[in-house]
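Undergrad: Between the sequences and the hints, there should be enough to build the whole structure, so can you do that?
Its first residue numbered 1, the sequence shown is counted upward by one per residue in full-length UniProt numbering.
Treat the hints with care, as some may be off.
What the hints assert, rightly or not - Label-pair ranges, simulated between beta-carbon atoms: (1) A127 to E528: 46 to 52 Å; (2) N88 to T375: 22 to 28 Å; (3) E202 to Q64: 23 to 29 Å; (4) N215 to E284: 27 to 33 Å; (5) S150 to P262: 19 to 25 Å; (6) P318 to D151: 48 to 54 Å.
Claimed, not checked - Straight-line Cα separation of at most 16 Å, EDC-like style, residue types lysine to aspartate or glutamate; simulated pairs: (7) K472 to D438; (8) K492 to E503; (9) K297 to E475; (10) K480 to D83; (11) K492 to D45; (12) K492 to D65; (13) K212 to D196; (14) K556 to E534; (15) K256 to E224; (16) K259 to E207; (17) K480 to E534; (18) K480 to E422; (19) K212 to D391; (20) K245 to D196; (21) K60 to E475; (22) K541 to D524; (23) K483 to E422; (24) K259 to D196; (25) K297 to D391; (26) K507 to E528; (27) K481 to D65.
Just so you know, the hints here were simulated from the structure itself, not pulled from any lab data. Since the model is a prediction, treat every value here as computed from it, not as a measurement. Backbone N, C-alpha and C define an ideal beta-carbon position, used for all residues, glycine too.
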Amino acid sequence: MLRRRRPEVHLSRFSIVLIVLVSCCLDRIFGWTPDVLTKSYITYDNTIPAFFGNSTDYFKLLDQDEGSILIGARNALYNISLDRLIENPNQRVMWSSSDAHRELCTLKGKLDQDCQNYIRVYARVGANRVMLCGTNSYKPLCRYYNVLPSDGSIVYDSNEMEALGRCPYNPLHNSTYVFTDGHLYSATVADFSGADPLIYREPQRTEQYDSKQLNQPAFVSAVEHNGYVLFFFREIAVEYMNCGKAIYSRVSRVCKNDKGGPHPLNDRWTSFVKARLNCSIPGEYPFYFDEIQSTTKTIEGLYGGVRNQIIYAIMTTPDNAIGGSAVCAFSIQDILDTFEGPFKSQRDMHSNWMQVPQSQVPEPRPGKCVDDSRTLPKASVNFVKMNTLMDMSVQSLHSRPLFTRVSLLYRLSAITVDPQVEALDGTTYDVVFVGTNDGKVIKFVNVLSSNTTEEVKTVILSETQAFPLGTKVNEITISKKNKKLIVISNGKIISLPLSNCNEHEFKSCRKCLELQDPYCAWDDVNRECRTVGEVTGSSDKLFQRLDGSNVNDICKKYDQRDQRQHKVEDNDLYTRVDGSGSAEKEKTSSEPKNVVIIQSTRGTVSSVGPIDIDNEISMTSIEGNDLTNKIGSHQYHHKTDPLVKDDISVASLGWKLYIIIMVSSIIVGMILGYFITQHVMKKQSFHGKEHRNQLNWHHAKNLSMLSQNRTSGKDVNLLMNTTNQYATQQQAIVQQLQQHHQNNMKDNIDFDFKDRSVECKNSTENLEKDISKGMGTLQKTRQLKTFKP
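TA: Dropping the structure here:
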């Protein structure tokens with residue numbers, strides 16, 4: 001009985017392990033796949049235009065025009081052309097710290113690479129005059145330069161001044177600024193340790209060491225709008241009264257004509273107010289993206305049929321939370337309306353933050369722009385000094401993110417927008433480019449499926465691996481003249497095309513239209529996917545389907561030709577599994593090959609033989625990991641594109657197939673081992689009484705011979721055999737084992753060199769002796785009672 005139960009115990013343990021393994025694999029396959037898949041994955045080689053520096057240069061985009069960009073770096077200001085990313089001759093500005101400043105910086109405990117001058121501020125203060133500010137070895141300085149009209153070169157005019165409150169001390173500090181109406185509005189720190197943050201315009205600043213105004217902020221950006229300057233930043237929330245602390249995203253506002261309060265508050269803002277930015281997925285318990293990382297400039301366009309001015313912002317979850325990122329859009333008018341709402345205050349340090357009753361708000365309303373702030377009553381100035389936080393938060397457009405991405409590997413870090421790209425039907429779209437902290441650039445567009453603003457669908461057009469993994473994308477900008485996307489990291493700048501309409505994977509009509517890219521259209525005359533701006537002549541033969549509607553009415557005439565072309569060797573081209581490009585199809589040989597059909601992430605079906613399976617599948621799995629680790633974040637009101645529903649399972653088939661093959665091999669191997677073990681145990685239990693010694697020896701030998709046959713490599717293909725082949729092989733092995741045992745039962749005497757009858761007799765006598773020795777006292781007593789001489 002015990003021997004018969006052992007396989008059951010072994011099987012139960014195997015079942016538990018198998019269930020856990022399969023559940024983990026299925027959870028990783030289906031639970032971590034995003035609900036909105038990317039339509040195209042792109043990896044560029046080293047032939048794209050690039051401008052190289054050192055990783056410690058800490059490139060920062062300072063200014064841009066149609067033909068060039070200005071990059072602040074270590075001890076230099078670079079003027080780089082946008083067409084080929086080549087530095088314009090004779091326009092570099094070199095500015096190094098003095099030996100005395102570097103020595104003083106070293107004595108303060110800083111490293112040599114920190115004790116340099118990193119250019120961080122550029123302001124055009126006149127037609128031919130600019131101001132540059134740098135960290136200057138932790139002693140910020142500003143200089144004025146003259147711009148020569150002849151060649152555009154910049155010449156130093158020997159004027160220097162301290163940059164306290166204008167430029168950060170540390171090149172990695174999150175600071176920002178905007179120059180407007182002849183004044184520099186900056187948000188940075190005013191001391192060596194970084195403990196005194198401020199928003200500054202000479203001579204006005206925020207209160208020093210006042211956590212109710214600024215509480216350890218990280219400034220992101222600043223924009224000018226009419227008579228206001230808006231600052232976007234994140235900080236520790238003073239109103240968060242639960243255990244621990246939380247970081248909230250903020251937008252603050254100051255008036256351009258703010259001249260300070262009455263004496264002695266003439267160097268303090270009288271119009272500084274701030275509000276929370278709400279970027280969350282709605283629900284009974286909303287999921288918040290609380291930490292702002294980057295914003296765009298103000299964009300004006302038609303949104304839902306209404307002309308509006310908006311700002312796109314990247315918001316993320318905290319570092320110790322689930323790695324989530326989102327892109328939200330905020331209306332400038334909604335921000336200004338929030339500042340007209342009720343205030344929020346705290347009566348004392350032990351009280352909750354509550355809304356201030358309107359009866360307690362003095363007149364004129366604190367925080368409003370007035371002609372001369374120096375004439376304001378002290379009651380209004382003191383009120384806004386103690387109550388700068390608004391009670392209401394700024395809601396994002398559509399009350400939800402426009403794009404979400406949850407991943408354990410990366411977060412979004414930079415954003416730019418090509419605004420109001422006009423489609424063939426006259427509809428305008430904002431094409432959004434976001435960078436990540438692992439070198440990717442994601443391109444997406446939001447499509448309104450109706451005239452209402454509630455039906456918004458996110459279409460992820462492409463993901464490009466712009467930099468090596470682990471390299472953060474710091475900034476992104478667009479050159480409309482050159483139709484280029486400029487991507488900036490700490491030590492490298494690259495140029496990418498805005499569109500990829502001419503890629504091989506979009507050569508068919510359906511693929512081109514299903515891409516839903518506003519830049520691309522199907523040219524019915526030349527029968528190719530073209531960039532809209534490159535097509536000359538009449539546009540009657542250009543087609544787009546950006547709303548995801550049916551493309552049968554346009555592409556059905558190509559279906560029969562495309563199928564016939566696919567049958568005829570697919571144009572003698574195939575795409576490698578890693579998506580690295582096209583190559584000539586190998587000639588078919590008469591030898592049988594096991595072939596796996598794999599859908600690459602580039603969207604082309606490819607056939608891979610057993611010889612290539614090691615290299616090809618491993619590269620596919622690497623691309624598949626990107627899909628696997630991108631957790632499927634719930635897109636509120638977002639719907640998966642019906643045109644790509646069939647491509648969702650196919651797009652990730654490469655990495656799924658590898659896992660399924662591995663799990664199937666383990667399962668079949670374990671089941672096969674179980675059946676062999678069970679069969680052997682049955683044979684032992686049947687023949688054990690008569691042939692115990694011989695059967696054990698021969699059974700071990702038979703198993704070893706069988707294992708050699710199983711591992712011969714001619715009968716089993718570990719990678720490509722299907723389930724039916726495994727079942728057939730299993731039956732053949734079992735039959736071979738049974739036949740082998742029957743032959744051994746007849747021929748064992750030849751191998752043992754003994755007389756079986758003698759051994760059987762000895763075995764029977766030994767068995768009787770064992771029974772008599774093992775007989776209990778009760779059994780012996782019964783034998784004595786029943787025995788009669």
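Undergrad: Could you grab the alpha-carbon distance between K480 and D83 and see if it respects the 16 Å cut-off?
TA: holds (11 Å)
Undergrad: Taking only the CA atoms, is the gap from K480 to E422 under or equal to 16 Å?
TA: holds (13 Å)
Undergrad: Between K297 and D391, does the CA-CA distance stay at or below 16 Å?
TA: violated (26 Å)
Undergrad: If you draw a straight line from the CA of K481 to the CA of D65, is it 16 Å or shorter?
TA: Between K481 and D65 the Cα gap is close to 10 Å, so the pair holds against 16 Å.
Undergrad: Given the hint that K212 pairs with D391, test it: the Cα-Cα distance must not exceed 16 Å.
TA: Roughly 14 Å separates the two Cα atoms, so the pair holds.
Undergrad: Check the hint pairing K492 with E503 against an upper bound of 16 Å on the C-alpha distance.
TA: violated (25 Å)
Undergrad: Is K60 close enough to E475, meaning Cα to Cα at most 16 Å?
TA: Holds: K60 and E475 sit about 8 Å apart, inside 16 Å.
Undergrad: Regarding the pair K492 and D45, is the alpha-carbon distance no greater than 16 Å?
TA: Roughly 15 Å separates the two Cα atoms, so the pair holds.
Undergrad: Under the criterion that the straight-line Cα-Cα distance not exceed 16 Å, is the pair K492, D65 satisfied?
TA: violated (20 Å)
Undergrad: Taking only the CA atoms, is the gap from K245 to D196 under or equal to 16 Å?
TA: violated (20 Å)
Undergrad: K472 and D438 were given as a pair; does the straight-line alpha-carbon distance stay at or below 16 Å?
TA: holds (5 Å)
Undergrad: Within a Cα-Cα threshold of 16 Å, do K259 and D196 meet the stated pairing?
TA: violated (22 Å)
In the structure shown, a violation is registered for the earlier hints numbered 2, 5, 8, 12, 14, 20, 24 and 25, in ascending order.
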